[in-house]
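Novice: Add chains B and C to chain A, keeping to what the hints say.
Chains A, B and C are the protein sequences, given in the same order.
So the first sequence is residues 1 to 361, counted in this note's numbering.
So the second sequence is residues 1 to 425, counted in this note's numbering.
So the third sequence is residues 1 to 219, counted in this note's numbering.
Worth double-checking, as some hints may not be accurate.
Claimed, not checked - Below, computed lysine to aspartate or glutamate pairings styled on EDC-like, alpha-carbon distance capped at 16 Å: (1) B:Lys-135 <-> A:Glu-357; (2) C:Lys-136 <-> B:Asp-45; (3) A:Lys-343 <-> B:Asp-17; (4) A:Lys-361 <-> B:Asp-83; (5) A:Lys-348 <-> B:Asp-17; (6) B:Lys-135 <-> A:Asp-358; (7) A:Lys-343 <-> B:Asp-83.
Claimed, not checked - According to the in silico footprint, chain A covers these stretches of chain B (three or more CB under 8 Å from chain A): (8) 2–12; (9) 64–78; (10) 130–142; (11) 224–234.
In case anyone wonders, no lab produced these hints; they're calculated from the structure.
Predicted, not measured: the structure shown is a model, and the values here were computed from it.
Virtual Cβ for every residue (Gly too), placed ideally from N, Cα, C.
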Amino acid sequence: MERSDTLQEKMEQNGMSRRTFIKYCASLASLMALPPSAAYAMAEALGKAKRPSVIWLPFQECTGCTESITRSHSPSIEGMIFDMISLDYQETLMAAAGHQAEEALHAAMKENYGKYVLIIDGSVATGLDGAYSCIAGRSNLESLKEAAKGAAAIIALGSCASFGGIPKANPNPTGAVAVSDIIKDKPIVNIPGCPPIPVVITGVLAQFLTFGTLPELDKLGRPKAVFGETIHDRCYRRPFYDQGKFAKTFDDEGARQGWCLFELGCKGPVTYNACATTKWNDSTSFPIESGHGCIGCSEPDFWDAGGFYKALSMPADPLKMAATAAVAGAAVGVAISFANRAKKGAAKSAHETTKLEDLEK
Amino acid sequence: MSASLEKGVRVLKEVIDAPIASYFNSCVHCGLCAEACLFYTETGDPKYTPIHKLEPLRRIYEQEYTLLGRLKKMAGLSKPVTDAELDEWQELVYNSCTLCARCSAVCPVGNDIVYMVRKFREGMSAAGHAPEGIKGAVNRTITIGSPMGVKLPAVQAQMKHVEADYGIPIPLDAEGAEYMVMLSSMEIINFPEYLGAIAKIMHQAGKTWTLCSTAFEATNAGMQIGNSDLARVLVSRIVDGAEKLKVKTVISPECGHAYTALRWEGANLIGRPFTFEVKHILEVLAEFQEKGLLKTEGFETDKLTFHDPCQLVRRGGVIQQPRKLINQVAKNFVEMPDSGFMNWCCGGGGGASAIEEGAELRLEAFRKKKSQLDAVKPDRLVTACANCRIVLEEGLEHYQMDIPVVGLTEMIAEHLPERQKPEGS
Amino acid sequence: MNELQFLTWVRGTGLNIAVGIFLLGVLWRLFEIYSLGRKQDLSAPRHASGASGFHTIFRRSLPPPGMLKRSPVSYIGGYVFHIGLAIVVFLFAPHILLIKNLTGLSWPALPSQFIDLMAVVTMAAMVVVLVDRINKPVKRFLSTFEDWFTWTVTFLPVLTGWMAVQHLLLPYTTMLALHILSVELLLVVLPFTKLFHVFTLFGSRWYNGKVNGHKGVPV
Numbered sequence: 001m002e003r004s005d006t007l008q009e010k011m012e013q014n015g016m017s018r019r020t021f022i023k024y025c026a027s028l029a030s031l032m033a034l035p036p037s038a039a040y041a042m043a044e045a046l047g048k049a050k051r052p053s054v055i056w057l058p059f060q061e062c063t064g065c066t067e068s069i070t071r072s073h074s075p076s077i078e079g080m081i082f083d084m085i086s087l088d089y090q091e092t093l094m095a096a097a098g099h100q101a102e103e104a105l106h107a108a109m110k111e112n113y114g115k116y117v118l119i120i121d122g123s124v125a126t127g128l129d130g131a132y133s134c135i136a137g138r139s140n141l142e143s144l145k146e147a148a149k150g151a152a153a154i155i156a157l158g159s160c161a162s163f164g165g166i167p168k169a170n171p172n173p174t175g176a177v178a179v180s181d182i183i184k185d186k187p188i189v190n191i192p193g194c195p196p197i198p199v200v201i202t203g204v205l206a207q208f209l210t211f212g213t214l215p216e217l218d219k220l221g222r223p224k225a226v227f228g229e230t231i232h233d234r235c236y237r238r239p240f241y242d243q244g245k246f247a248k249t250f251d252d253e254g255a256r257q258g259w260c261l262f263e264l265g266c267k268g269p270v271t272y273n274a275c276a277t278t279k280w281n282d283s284t285s286f287p288i289e290s291g292h293g294c295i296g297c298s299e300p301d302f303w304d305a306g307g308f309y310k311a312l313s314m315p316a317d318p319l320k321m322a323a324t325a326a327v328a329g330a331a332v333g334v335a336i337s338f339a340n341r342a343k344k345g346a347a348k349s350a351h352e353t354t355k356l357e358d359l360e361k
Numbered sequence: 001m002s003a004s005l006e007k008g009v010r011v012l013k014e015v016i017d018a019p020i021a022s023y024f025n026s027c028v029h030c031g032l033c034a035e036a037c038l039f040y041t042e043t044g045d046p047k048y049t050p051i052h053k054l055e056p057l058r059r060i061y062e063q064e065y066t067l068l069g070r071l072k073k074m075a076g077l078s079k080p081v082t083d084a085e086l087d088e089w090q091e092l093v094y095n096s097c098t099l100c101a102r103c104s105a106v107c108p109v110g111n112d113i114v115y116m117v118r119k120f121r122e123g124m125s126a127a128g129h130a131p132e133g134i135k136g137a138v139n140r141t142i143t144i145g146s147p148m149g150v151k152l153p154a155v156q157a158q159m160k161h162v163e164a165d166y167g168i169p170i171p172l173d174a175e176g177a178e179y180m181v182m183l184s185s186m187e188i189i190n191f192p193e194y195l196g197a198i199a200k201i202m203h204q205a206g207k208t209w210t211l212c213s214t215a216f217e218a219t220n221a222g223m224q225i226g227n228s229d230l231a232r233v234l235v236s237r238i239v240d241g242a243e244k245l246k247v248k249t250v251i252s253p254e255c256g257h258a259y260t261a262l263r264w265e266g267a268n269l270i271g272r273p274f275t276f277e278v279k280h281i282l283e284v285l286a287e288f289q290e291k292g293l294l295k296t297e298g299f300e301t302d303k304l305t306f307h308d309p310c311q312l313v314r315r316g317g318v319i320q321q322p323r324k325l326i327n328q329v330a331k332n333f334v335e336m337p338d339s340g341f342m343n344w345c346c347g348g349g350g351g352a353s354a355i356e357e358g359a360e361l362r363l364e365a366f367r368k369k370k371s372q373l374d375a376v377k378p379d380r381l382v383t384a385c386a387n388c389r390i391v392l393e394e395g396l397e398h399y400q401m402d403i404p405v406v407g408l409t410e411m412i413a414e415h416l417p418e419r420q421k422p423e424g425s
Numbered sequence: 001m002n003e004l005q006f007l008t009w010v011r012g013t014g015l016n017i018a019v020g021i022f023l024l025g026v027l028w029r030l031f032e033i034y035s036l037g038r039k040q041d042l043s044a045p046r047h048a049s050g051a052s053g054f055h056t057i058f059r060r061s062l063p064p065p066g067m068l069k070r071s072p073v074s075y076i077g078g079y080v081f082h083i084g085l086a087i088v089v090f091l092f093a094p095h096i097l098l099i100k101n102l103t104g105l106s107w108p109a110l111p112s113q114f115i116d117l118m119a120v121v122t123m124a125a126m127v128v129v130l131v132d133r134i135n136k137p138v139k140r141f142l143s144t145f146e147d148w149f150t151w152t153v154t155f156l157p158v159l160t161g162w163m164a165v166q167h168l169l170l171p172y173t174t175m176l177a178l179h180i181l182s183v184e185l186l187l188v189v190l191p192f193t194k195l196f197h198v199f200t201l202f203g204s205r206w207y208n209g210k211v212n213g214h215k216g217v218p219v
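Pulled out of the complex, with its shape left as it was, chain A reads as follows (with noise of 0.2 Å):
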């Protein structure tokens, strides 16, 4: 790959103005919650920076993320960040395949050791010494071992990569765990989400191009600039839920004056994102806006919080045990019952009728 050609030149090679480019890196820099003066920053940086290398290895994914982040309308700014950077390795988009593909990725690792950006998606397979997944012969997780002992940051991209994701689910018959499992010595940022929105890692990405640092991580190692917020605190729905407006149905009259998912399973309210004000496609819509509730796709363990049919407020499980309780405890109330009678029964046959002088000890 060319790597002596700078952003900025390449920018002019696709026929983007500096003005237009300026302005991207604006709205990069709000998105990543960074000063104004960033935008001139990343726009300097980003316009004189050596593309660094970037090494993207899938693991136990469904190839959405990958979509995700590609699929645009407006391939010139994301394709632009693709150049960017010098993406080394990435199985989907490579022109490369088998052997070629190998020996491309060792010699990415080898001659960019310690430097470069490894992105991970998919979650990591540790059942069966990790034989539920591999490529090229290799489990998933000696080739996450491997090469993050040469990257400088970890992206642990998509909620598989974050948290484990839908292989993840119950009863997890991979075994599979999050990237933050395995590595604990490298800086790892969780980009969550099934799938991220796309903008969030071109954010994170420019950060760290910039500043060379990552943005500041929840308790979760997400980027507080994005995952901060609950999707509830920033639904354009919440005040139907503050008035109890709720659409009880998929295509009821509440469904279509818009009314609140929160019945129909909305997990709004406990999901850290950023859909309800950067939207998706191009801040086109988000699922709400659609018409669907929130499934909280950038939370751990979302594939097995209850249902995303179940509302917040209902039980996740049905209360199998009410009715063994009751009969129980009815059982318990009578055996009870009957143990009182026999004592006042007792107490009263054993009964001695008091006379003057029993008033006396």
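Specialist: Only chains B and C this time, still in chain A's reference frame:
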């Protein structure tokens, strides 16, 4: 001489029932019962809180009749009720409780605390922890026939006096009479005008009535000590007498607990409904009034107020009758604050007036009645219970309040038109 | 365990256990108490209108003559706390949904901002009655560990629920899980403490009213 803790506990196990269990499990420690009890309001001592008076009973209930309580007991984690504790509780259960039932009327969760105190006294008396004063009264009632030791000859002497003074014969053991009249010791000894009043009223109303030689005493000290067996003995005398004489109605005199004992507890003590009716004298008078059989003339003009005897009004349901009767013979009748079925106890009911060592406490508690009277400033105080009269008079004297106390029946009788004495008298 | 797993547990297993113990406890205790029975009253009743067990069940919620002045905090604090708690529990949309899921019954909700206000008012009333319990000699005298414990167990659900909605202290998901957990604690201890008055007060008031109604006294 067989009273013992064991016996007491056994008796309590007998009497604990669903209501008591419900009450103990409902109590939320709000303390409102104390705010209704004159022994707390006038002393400020929290130990007089009504529900606290039942603490040993509560523990017995828990340890005997709840699964968790029994398990705790088996594990040695529960505090047993001891003889010493019952001794300590004697003051709370007897001296400072007149069974006035104000606590039962205010408890927000509905606890009938007076019911529980009554049942607790069953255990206390069986365990030998009833106060001497009441034991003496019970003794005299059972053996002699009346708590003040009044015997038939004394009653007959009174009868003769009344016959002479009023010229009306007083029937004794007259079979088939409509009414059987009873007296309380207090009346026989302290207020003999009562008998004369009855005679006059009955005569005017044209009703047949009689005294009973084996059942002239209404006071039931067994009920006050809280012993059903002894109370039963006393009630049975009345029931036997009434059934022997085949009367329609037994009249309970101006005595509070006599009414409660006969009217409400009597049938339950003997285990079958009565074949006769039981009425308080005021109920009878009110009936006469309604039927136009109670003709009076003249009015009291001084300022009168009425003390509602607890057992008659709040616990007896004879609420409006006293007022209707007073208004027939008085022009200046004013109600005191909290009058009616929320009136405050005189402080001497439930056997308390027989407990010598409780006198100081009673006088302290009397400040409540004093405050009610201070608000009204009556010239005289009317009531319808002989025990209340004595206690009120004692209290008024102690606080140097010059307010004479009168019985309602007497007052009514004073306004009956003079009848001509028969010739030759 | 992460916060969503904790929430899923309290919504699932935790709730199962708590509701199970609650139902078991309530039935057991109701039998335990009321099976003791009572003797029939053989005395002739006085028939007075307005005096009966049922009348007292309702009437006893009002302060009897003279009592409000003697203990205004007990009555007013008690009303505000109980009514406030009822409003928050039964008229908040997510709670109604839970009840609908458990029983099939539902009714309209009040706006959540109003519920928010009621939660604060309820907590304030609870603090006032707590302070009164500490200050008043009779209440202090009667109070045992159980009284402080049940106060806390009743206060925590209101506090944690309100804190969750206000996004205070801990992230929402954790706060919500703690709220549900605190309700589960309340459910588990209710049948075995004075909180059981929720059920027994009806029986107690009814017995009381019946006995007095028999005599014609409208208490």
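Novice: Which numbered hints are broken by the structure, listed smallest first?
Specialist: Per hint list: single violation, 7.
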